[in-house]
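Spelled out, the chains give:
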Amino acid sequence: MGFRLADLAEQLGARLIAGEGGADAEAAGDIEICGIANPDRAGPAQLTFVASKSYAAALARTRAAAALITEDLIEQCPVHRLVLADPYLGYARLTTLFARPKPPAGVHPSAVVDAAAMLGAGVHVGPHASIGAGARLGDGVVIGANSCIGEEVTIGADSVLCANVSLYSGVQIGARCLLHAGVVVGSDGFGFAPTAEGFLKIHQLGRVIIGDEVEIGANTCIDRGALDDTRIGAGVKLDNLVHIAHNCEIGDHSAITGQCGMAGSARLGKGCSMGGQSGLAGHIRVADHVQIGGQTRITKSIDRPGTYVSGTGFSEASQWRKNAVRFDRLNDLFKRVERLEADQAGQNAGKNGGKMKPANRQQ
Amino acid sequence: MGFRLADLAEQLGARLIAGEGGADAEAAGDIEICGIANPDRAGPAQLTFVASKSYAAALARTRAAAALITEDLIEQCPVHRLVLADPYLGYARLTTLFARPKPPAGVHPSAVVDAAAMLGAGVHVGPHASIGAGARLGDGVVIGANSCIGEEVTIGADSVLCANVSLYSGVQIGARCLLHAGVVVGSDGFGFAPTAEGFLKIHQLGRVIIGDEVEIGANTCIDRGALDDTRIGAGVKLDNLVHIAHNCEIGDHSAITGQCGMAGSARLGKGCSMGGQSGLAGHIRVADHVQIGGQTRITKSIDRPGTYVSGTGFSEASQWRKNAVRFDRLNDLFKRVERLEADQAGQNAGKNGGKMKPANRQQ
Amino acid sequence: MGFRLADLAEQLGARLIAGEGGADAEAAGDIEICGIANPDRAGPAQLTFVASKSYAAALARTRAAAALITEDLIEQCPVHRLVLADPYLGYARLTTLFARPKPPAGVHPSAVVDAAAMLGAGVHVGPHASIGAGARLGDGVVIGANSCIGEEVTIGADSVLCANVSLYSGVQIGARCLLHAGVVVGSDGFGFAPTAEGFLKIHQLGRVIIGDEVEIGANTCIDRGALDDTRIGAGVKLDNLVHIAHNCEIGDHSAITGQCGMAGSARLGKGCSMGGQSGLAGHIRVADHVQIGGQTRITKSIDRPGTYVSGTGFSEASQWRKNAVRFDRLNDLFKRVERLEADQAGQNAGKNGGKMKPANRQQ
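Residue numbers (the numbering used here), protein chains in the order written: chain Z, 1 to 363; chain D, 1 to 363; chain P, 1 to 363.
Simulated from the structure, these hints should not be mistaken for laboratory data. Treat each hint with caution, since some may be false.
To be verified - Simulated crosslink set (DSSO-like; lysine-lysine; CA at most 30 Å straight-line): (1) Z/K335 <-> Z/K322; (2) D/K201 <-> P/K53; (3) Z/K335 <-> Z/K300; (4) Z/K270 <-> Z/K300; (5) D/K335 <-> Z/K322; (6) P/K335 <-> P/K300; (7) D/K300 <-> D/K270; (8) P/K201 <-> P/K300; (9) D/K322 <-> D/K335; (10) Z/K201 <-> D/K53; (11) D/K300 <-> P/K322; (12) Z/K335 <-> P/K322; (13) P/K300 <-> D/K322; (14) D/K335 <-> P/K322; (15) D/K300 <-> D/K335; (16) D/K53 <-> D/K201; (17) Z/K300 <-> Z/K201; (18) P/K270 <-> P/K300; (19) P/K300 <-> D/K300; (20) Z/K201 <-> D/K102; (21) P/K300 <-> Z/K53; (22) P/K335 <-> Z/K335; (23) D/K322 <-> P/K270; (24) P/K335 <-> P/K322; (25) D/K300 <-> Z/K300; (26) P/K270 <-> Z/K322; (27) P/K270 <-> D/K270.
To be verified - Covered stretches of chain P (chain D as the covering partner; in silico rule of three or more C-beta atoms under 8 Å from a C-beta of chain D): (28) 86–99; (29) 216–224.
As the structure is a computational prediction, the values presented were derived from the model and not from experiment. The C-beta atom is built at its ideal place from N, Cα and C for all residues, glycine as well.
When you get a sec, could you build the whole thing from the sequences and use the hints?
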């Protein structure tokens, strides 16, 4: 279950420097590492890492076997060191070694797999899962317990679906994706034509197309397109409880955190990020490399990279209330200040013998 | 799989006008239509439509077999035309023809149906679904794979539940409803009595009563009432990830978009709409025909139709920050302006020989 | 199915005072109570209660068998009275009697229970549930239909999981918890290291540890820790569609209402509350006994108890727009007012023969 410290160093391209206490480099290299932990929690069979200066104090006290550190922390590190340029990236790489293992190949006897579904080599289908007619699962795909795969769905090789996932018919998932429990992909977009008798349903005829290496958080929902398709680019990461409406498009390698929403036909560029609980209005287009703050409402297209925020800061309720009630008179206040400025300008003009001072107002 | 163009025209009450290129009306009427697509994506076996002027340019380039258009676009349409007053409504109607087919009647052998449940004619129960004692399912009801129907639930004729839906005991669903994957109806409301030892659970004894033709989006949750019932009117549409707390009431034909929330005992009128991520506070009452903006917080009852919004616009973060910090001094600023006005008024009174000018302040 | 009124009085420590109309106390005590309802809906076999003055009018008209009331309402109560100090608490206690019964012990034949799972006495496992290897379920635990319990999960005695719940491997749930339908616990935190080729997944190696008597609302998601654990204290109540990110900590007896979110490593103290749709930024720490308003964004740590709010009030859209556009010029406005004040001060200084008046500006 463990890994030799020297092997981990080699795998990361890190320099192994044996710690104090008489240990030589060879003995240090033979130490077996069974896990990773933060400096203050790591035990003698674990590796730790320091990715920011704020953990340097904890490093001094660590009981870990060894630490991933940058050059400048060598002296302060009381244990064996694995020195590399980016300890955070090193840590990220090593997590693979200790991740939960993939379940074994095979279809659980309680699963229901349509005779017209095609399963690649090494596919795992968990208990009570169901796979519809015409579905095609690539090699190494994992379908978690109780997940429902609709007709004509395609899933690329080595993608993993956790428990209770629902994929509607025709959905396309790329390779090496990870869909967490409760995810829904391909549900109907919110499309209704108003009539005198109420809403008339617009059946949603598009699909959802998801690229490779996309991760989708628990209970996140992605609607199918109305006519065209909803599209999620390669490498996109969606957190939990995110809502992606019909015909949205998300560019490659964008990251959308928990409880964000994109309204219908909104398009987010590549390499963007959205802070928690933020939302994009329908039919807008956001450029590449835009960062959106948490709980921010984006109501218009953004055509330049940058960081965008809406809303106010928070404050203690009694203070907040005094200021918030004033917000409703803000337009009035601007007009009152304009009048004061005009009055002031008039008085100054009088004092200065009619020579006007430049207006105070900044445009 | 296709439909004659002439038949579609008749169904919609549209006028078929054969396009240029020598085709006569009879030959045009015999064309087989196999789908609907937007003007720029439609192929020669598909119908397209133009519901707004912004698509008129795309119409000129369309390769569709025919287009649903208004009278004024006849000349600009390069393909066969189906002329009618409301192409969007026409499109909505035709989507029914191309919608996913209803699954066949029958109970999957892996489903668990209590002996004391009553199933109407033509009911479909998917794999690994379960139906509790005393549940009554109307004719033509569809229960998706892995859906759980609690005891004493009633579901009206032709309602469709997708995969992984959970209905708690006693829930009542109307006819012709559509519940998307992951929907939960009848979970406990958030009711606790505070005591010195922590919260004491208030068991939730009410039900959820849902009218006819209600659509509920993926992973949306509707809590049962504490004592009275939670009530959703006929024709109501709820989008994905919506939260409806205990004892809420929603009037007929209201539409609530993604990630909105209604706190306990809030009441929304008929024909209302809520933009994405907006919320109603508990125990408030919103009149009929009220539109609520996206990410808007409604903290008090609204008794007049209209559109209501809270929050601020968004801006680039460095600009936003400068303004947002000022929000916390807004009340001060109003007082400062009042003092300036008083001062100004005093000076003007002095200049005018004691005659007061009207105050600048607007009430 | 019913309970003697005298027995209920005894159970609550309430004083039974027979109503008008000739009934004596003994006859009143023998009345059978079959349910609880609000004053205006209660029938002659039901008990009602008045917890706030606003229901006193409804009490005068009630058709209930009896009412839980405070001393001061005895005269106004037209039916038998159960007099006690806190009728709301009394009502909360009595709801237990009418709650849905626990399902009987036993494992449904369609459930899949790993041979290496350990089930306590009286455990119920519903249809199509699955229990992984090494899972340990305490006495009286209920696993709802279609729920998936991962490997090495532990669940304390008498905890109840409703339908379609997903627990990832290693999750620990305390005793007497209630997890509603669609809940996900132990999904991966949103952890990725940015690289030139896109995001590198940081496998999430921590667990989720949940205390006793925790209730978790429908479709709520709680991520596992990255290295350390995500921790939910005893008696915590989470409403529907809440998002708890990796490494969050929630102190005992805090209550988080619908659609709230906590970003990674945020810590909420004991006895706190969060109003609907509010959010905590990552890595912040909120003190004990803090109340956070609905739709409020908390971006910094809070070290003092109190109530905190962000955002603005709502108003009719045309009014709102006029004020909201001004928000973007708020910093300018402050500068303009400063200039006016300086000018005013200068003029006053002139009038006063060079003697400066105190500045108008409040700090």
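If you check each hint against the structure, which ones fail? 16, 23, 27
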